[in-house]
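Q: Given next are the chains, with one letter for each unit.
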Amino acid sequence: MDIAARDQLATSQDWPLAIYRTLKSFGVSQISYVPDAGHSRLIELSHGDSAIETTVLTTEEEGVALSAGAWLGGSRAVLLMQSSGVGNCVNMLSLLSSCRFPFLTLVTMRGEWAEFNPWQVAMGKATPQALEIMGVTVLRLERPEEAEDIVSAAASLAFESDQQVAILISQRMIGRKKWTEAK
Amino acid sequence: MAQNFTLDRRDAVKALLADRGDLLAVSGLGSSSYDVFAAGEHPGNFYLWGAMGGAAMVGLGIALAQPKRPVAVITGDGEQLMGVGSLLTIAAKKPGNLTIVVLDNGHFGETGMQLSHSGLGARLEVIASGAGIASVREITDIEGIISLRAEMQSIDAGPRLARVRIASDHVDRALPPRDGVFLKNRFRQNLGIAVT
Numbered sequence: 042m043d044i045a046a047r048d049q050l051a052t053s054q055d056w057p058l059a060i061y062r063t064l065k066s067f068g069v070s071q072i073s074y075v076p077d078a079g080h081s082r083l084i085e086l087s088h089g090d091s092a093i094e095t096t097v098l099t100t101e102e103e104g105v106a107l108s109a110g111a112w113l114g115g116s117r118a119v120l121l122m123q124s125s126g127v128g129n130c131v132n133m134l135s136l137l138s139s140c141r142f143p144f145l146t147l148v149t150m151r152g153e154w155a156e157f158n159p160w161q162v163a164m165g166k167a168t169p170q171a172l173e174i175m176g177v178t179v180l181r182l183e184r185p186e187e188a189e190d191i192v193s194a195a196a197s198l199a200f201e202s203d204q205q206v207a208i209l210i211s212q213r214m215i216g217r218k219k220w221t222e223a224k
Numbered sequence: 431m432a433q434n435f436t437l438d439r440r441d442a443v444k445a446l447l448a449d450r451g452d453l454l455a456v457s458g459l460g461s462s463s464y465d466v467f468a469a470g471e472h473p474g475n476f477y478l479w480g481a482m483g484g485a486a487m488v489g490l491g492i493a494l495a496q497p498k499r500p501v502a503v504i505t506g507d508g509e510q511l512m513g514v515g516s517l518l519t520i521a522a523k524k525p526g527n528l529t530i531v532v533l534d535n536g537h538f539g540e541t542g543m544q545l546s547h548s549g550l551g552a553r554l555e556v557i558a559s560g561a562g563i564a565s566v567r568e569i570t571d572i573e574g575i576i577s578l579r580a581e582m583q584s585i586d587a588g589p590r591l592a593r594v595r596i597a598s599d600h601v602d603r604a605l606p607p608r609d610g611v612f613l614k615n616r617f618r619q620n621l622g623i624a625v626t
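Chains F and L, in that order, give the protein sequences. With positions in the first sequence counted from 1, the corresponding number in our numbering is that position plus 41. With positions in the second sequence counted from 1, the corresponding number in our numbering is that position plus 430.
Incorrect hints may appear among the rest.
Just so you have them, the derived chain F footprint on chain L, three or more residues with Cβ under 8 Å [claimed, not checked]:
#1 475 to 485
#2 494 to 500
#3 548 to 559
#4 602 to 613
The hints are simulated quantities; they were obtained by calculation from the structure and are not laboratory data. Keep in mind it's a predicted model, so treat the numbers as computed, not measured. Think of the CB as a built atom: it goes at the ideal place given N, C-alpha and C, for glycine as much as any other residue.
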């Protein structure tokens, strides 16, 4: 296996790295987030990159407004959150459609695959619809090897066609949350 | 009850935006947008007509994208209170070029002058200080505005928050453009970004 092929294989298995590299190739220079375990590696990569302004938020709708401001100032931004945060964003998403702001968010799903916590299920089930009623295009990322392709397509749609796009990262792909500590 | 303050909001914002230089301004929905528009139309103004609670974060996004330009968010107490968490986010990020100016009449002016939390005793400059914003102040007169105007041109001493105690008297509306796409493209063009 040559180095490029090995690199590609490593990237497909390390899907957060594939996402990070794809966002970099699109010139993303601001990333904001409310943390989620599924986003932890991407958040680390972002904090480790001095060319990206990384902002921790108190609530997800802050990131919607931040993304709008970034675009006004000439930067491309991405918002990372968990599906439970989508409901917090609904009214703020009207800012994006009113002004046709490009918007890209990566949403790690809860409440859909082998969920242990019933309190996650209602918002998880409503997540695609909550985005769609506000005009956001919803794409799904189900397999690690598709990360680059889907993020690239979403970034084009957002930053080149002025659309609002969410990628829902499936809970099955992220893996089951471990609820008991290994002894 | 809310105390009575005499500073006229239009006079305050007009003085704040005089000789603005490179300043970029975001206004919160309602009266703050009317005040910023009435002070003089400018392509470096972005008026919010909705997105309540989002003005400070729009300002943060601009400030991070344009670190060499001073950025002011001019908003009302009700608008800032809805997005009060953004003060913590801004404090954590420490953008040196960002100033938040809260025009505080202690009321929700656009909806029938109900008393706001500010009118009921909350002090946004103290909340901002507790959030970690080092430069906070309360302004009650035009001299305070003129002092802030000079300081907010600095791009490395922020973030700052000023709570401006304004009169709660009725002021006629002055309506800026409402077309968001126009406002967006105008703002970007003013920064030299081509509309494609």
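Q: Against this structure, judge whether each hint is valid.
A: Consistency of the hints with the structure:
{"no.": "1", "hint": "475 to 485", "result": "holds (count 9)"}
{"no.": "2", "hint": "494 to 500", "result": "holds (count 3)"}
{"no.": "3", "hint": "548 to 559", "result": "violated (count 0)"}
{"no.": "4", "hint": "602 to 613", "result": "holds (count 3)"}
Taken one by one, the earlier hints fail for this structure only at number 3.
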